[in-house]
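Residue numbers (our numbering), protein chains in the order written: chain D, 1 to 287; chain E, 1 to 769; chain L, 1 to 170.
Take these hints with a grain of salt, some might be off.
Taking lysine to aspartate or glutamate and the EDC-like style, the derived pairs with C-alpha atoms no more than 20 Å apart in a straight line are [what the hints assert, rightly or not]:
| no. | chain 1 | residue 1 | chain 2 | residue 2 |
| --- | --- | --- | --- | --- |
| 1 | E | Lys444 | D | Glu242 |
| 2 | E | Lys444 | D | Asp278 |
| 3 | E | Lys659 | L | Glu97 |
If you want a taste of the chain D side facing chain L, the calculated C-beta under 10 Å gives, among others [claimed, not checked]:
| no. | residue |
| --- | --- |
| 4 | Met1 |
| 5 | Val3 |
| 6 | Phe6 |
| 7 | Glu9 |
| 8 | Arg22 |
| 9 | Gln35 |
| 10 | Leu38 |
| 11 | Asp278 |
Hint data in this document are derived by calculation from the structure and do not stem from the laboratory. C-beta: ideal position from N, C-alpha, C; glycine also.
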Amino acid sequence: MFVEPFRYERAESLSDACARLRDSGGTAKLVAGGQSLLPMMNLGLVELDVLIDVSRVTEARGVVEEEGYLRIGALTRHRDLETDPLVARHQPLLAAAARHVGNARVRNRGTVGGSLAHADPSAELPLAMTCLGAEYELIDGALARVVPAHEFHVSSFTTELADHEVLASVRVPTLGPGWGWGFQEVSRRPGDFAIVAAAALVRTAGGEMVESRVALGGASDRPIRLGAVEASVTGARAEDLEARIGPVEGLDPVTDTNATAEHRRRLARVLAVRVLADACRRADEAA
Amino acid sequence: MSADEIRTSKVEELRVVHQPLPRHDQAEKIAGTTRYAGDLAFAGMLHARLVRSQVPSARLLRRDGSRALGVPGVVVVLFGEDVPNNEIRVDVPGQTVEVGALKATMQVLATERVRFHGEPIALVVAESEDALARACGLVEVEYEDLPVVSDPEEALREGAPAVHDTGNLLAEWNIDVGDVDAAFAAADVIVEGEYRTQFVDHAYLEPEAGVGWLDDDGVMNLRVATQVVEHYRDVARILGVADSKVRVIAPYLGGGFGGKEDMTVEPYLAIAVAHTRRPVRMQWTRNESLLARAKRHRNVMRYRTAAAADGTILAHDVEIVSDAGAYAYLSALVLLYSSVHACGPYRVDNARIRSKAAYTNNPPTSAFRGFGGMQVVLGYESQIDELATRLGVDPGELRKRNAIRRGDRLPVGQTIETEVLLAETIDAVRDRAGDPPRPSGPRKVVGRAIASNLQSYGRLVWLNDSAAAWVGYQMDGSLTVRCGVPDVGGGQASSLAQIASEVLGVDMDRISVHFGDSALTPLAGTTTATRQLLMSGNAVYEAAMLLKDQVLGAIAAETAQPVESLLLAPGGVASAGRTVPLAQALQVCRRRNVPIEALGTFFGPKGREVTRDLSGERIFPDFTFGTHLADVEVDLDTGQVRVLRYVAAHDVGRAINPKSVEGQIAGAAVQGIGQALLEEIVVEDGVNLTGGFFQYLIPTAADVPDIEVVVLESGEGLGPFGARGVGEPPIGPPLAAISSAIAAAVGARPTTLPITPERVLDAAARGGA
Amino acid sequence: MSADLTTTLVVNGRTVTRTAGAHLSLLRWLRDVADVLDPKYACGEGVCGACAVLVDGEPVSSCIVLAAQVDGARVTTAAGLTGPGGELSPLQRAFHEHHAAQCGFCTPGMLICATAMLADGMTRTRDEIRHELHGNLCRCTGYQQVVDAIEAAQGAAQGAAQGAAQGIPP
């Protein structure tokens, strides 16, 4: 309620937003849906001089299919991911992840780019993108660089984005046939930030896992792929997972008012098993 | 009129009372037109905001508002020295009759010393909220940190940092009855347990808010979200003016639950208005509400229970330590409630209860629905369940065997004088629930448990409670009710309309209830302690009966008929063969100088003041009894708990409005489930870490199942038509029903609230599940 | 520092143009500038739903959207659900009949989100209603009578829709 007044600027385009960011000399922030930034401002956790609004920019909203991947505009909303037919056909994991975000009002306003750039370590979309091996297209007026998800998410609320850069779109590889997906999270209540969330993609042949990707959110300062787990489950069937997967190594969970680090470690393994099992089942059904 | 005249009634004769009518305040709330405390604005209105302590314990070396004053739009920055009497009495809100027990105080604005994180230090008044947003951070406060004590048991140890010069022991109550040691020596089985409850926030949706202004007669008007309009006296004392110069108006509240029983915005609005002579609005943020307004007490409760092999409870030995936080508020009385309720709704001939409340540098604790009578449900019902397990007896049968009946005495000495349907509530929840559920998958386990309780309704009898109400006809036959009751959202005002309608035969939609105004409505006391139906309900009943007698008497005289032959019916006064229309009957009254209005005053039951060694034939007016049943499913891998089914049964005496009763029970049950599983104000070394609703987790619609309510009606309450109070009683049983159901599922009992997934897994590990 | 901004919104059918601080949330703009008081402040975090309004038909938390961001939009609050003569909508009538409001502070937002929920014409189970409603906190009712009301309203809406399809007047 008590928010210190700031200057509000409306960007005409994403490149216009880059120019305005550059002009502000580091005192400005972008707002799209505002579903993370504005609560933090209301709570007095963020103060700023200039707010550059990109929420009305239409160029970067929507999902298109291109050779080998889906390109998702940064201003695509969570709700769009939930309902988009291309996402449903090629990458239902993303729709499932989006469905876990906040509440219906958050999903109506909140954007893909906003969630990724905010980089909450327990957020659903950074996790899903990490699992999917997505690539983020950053612009500083023109296309500047393409950064893979696992490099973009540096640590809690910290990304590769430079001050004057804007996340413009995300390229999500479309996987071939035979893949199944799993997404689960444990939170205190529905809609709360995940204590731990997990995503998996699995390709099976004859009920055995041929290829897999599994990643966790909320278990470290950023979403992480579990390479060792992936290696250990090759050739496994869904019912073998419980025995195959040991304690998950390489995590760095925090203790907060939601859960202890120890509980997060425990959930990490439980959820890794569960999402891989879900993904296996779906892959078998698809086959 | 007094409570000794218990008015029971025949259900079949009731026309309006006992009907599930829509509440008369609903249409406006649903149309979005109800104006809450924060919704009123004046032209030229100022805004006020508090600067609060950022540390839990410190000496204040310097307070400086000059930089804040430099912000454009800031009108004044006030400190304790600017307050005429910089002292809030925080003993018994709304108390009319002097009571000697407590004289606890705190400063309105701290001047030398702060004792909790969030304590008010300065008040900034400005032309806009934007100016406040800039200015409050510029008020400079220099602290010299002092030692912090944040655990109540540590606070009571020798050498602990003193929160107050008077020492850290705020209150102490003892109950001794029978020979406890002999009973333990003779016991076949002894059960011991330690139970811990947490700080809980009321978390009503409406944060504290209000508007103040001086009217044309120089009266300070405060229209605020409060459960107690009688705080006008406290404000007058702070301002140093006569009581008659302050008026408090309580509009419809956005929830209270005890959190708006103590003053919140009132003194600050009054000071700001007094200094600026302009209207002022103050609205606390959710963060402030969570940070600094008094919480529910966290308790440590150690129980030893002795029983015979047949399940008869022989003795309870109970120790309670309660965290009072930094200032007294109502802690002593809350602890008294804990002590009196500590043995539950069971016959216990031998009891030793030792309870203490300690000052700490935590947020203050005070009134909250259930008021100390609810934390102990976790203690005594866990003990009963453990006893049942140890003896291999059905937990319901064990409860029934020991259940209090009419004529039995509580350990404190009070005899239960009304019918008790405790056993019936146990049967009712079990009949409703039917077969227990099955687990939904592997690594899932289910459990079922019941928990019973008693909870007083009405204030402590030595507070000499009373309530008044005025009922008057308009000449067109419509009806006006005036009663000082604040309506916190539980249908308080609507119930009064229903009672008046029943007695006087006026349709509900022709009745207006004016409420919650300390100047214009007869004072009815606080909307707390589950007292308003008992007190204001009876006062309206009394006034309506007086008015009815007046009207019938006038018509009897006019028509030369015996008054007994007349009936006040919808439409008019009926006698054999003919009806005098009401408007005509009222004209008759006026012609014959018979008033068409009446003032009713109801006096609650009286009793002697209590001392540290509690004992009395009557402590509370009466009690409400009930039983809840919970089915839960536990995920053994994650510790997540799902409440599958929840049934709640209470003897409500008589349901004035069955829908309102069901709403009260369902709402309280869900609050209790929230305390059992989710909610906690987390305080670390006195620092409150709970900053918003993203951290303070109240149950959502998806966290709870349907609350299946079974209403039993003994017709034996002390309220009008035999109603018992039902606002608080249903909040206690969920603590024990949920924890015992989890214990049944995983094989060991979680004893610390909230029962987080990690605590569930700890219990499962102990239980071998 | 804060430049004022002129914003036009169509609030409950009425075109409202106001010049105010560009930093104002839609909630503050509605309440403090446009005198539309039924959306409530309760958390400022977007988690409780008391401030929910429909923006071009979609539910949003008005406390975490700037008025400037939705300039030109149609905004519907709970007060805008009533008919021109103040008559309650079918959903509001169901809330009335089922005692779905106690203190009533969450009710405007609850009505808005329930209206959005019912807009798709689907018939939901009680559990599905509960899940959809998880973003609207209520501290009084335990949600029981709120779910009762929404369940009844969707039944009534379905009945009315079927009736209309068969040419039966409501």
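Hints and how they fare:
no., hint, result
1, Lys444/E x Glu242/D, "16 Å, holds"
2, Lys444/E x Asp278/D, "18 Å, holds"
3, Lys659/E x Glu97/L, "10 Å, holds"
4, Met1, "6 Å, holds"
5, Val3, "6 Å, holds"
6, Phe6, "5 Å, holds"
7, Glu9, "9 Å, holds"
8, Arg22, "21 Å, violated"
9, Gln35, "6 Å, holds"
10, Leu38, "4 Å, holds"
11, Asp278, "19 Å, violated"
This entry does not satisfy hints 8 and 11, going by the numbered hints stated previously.
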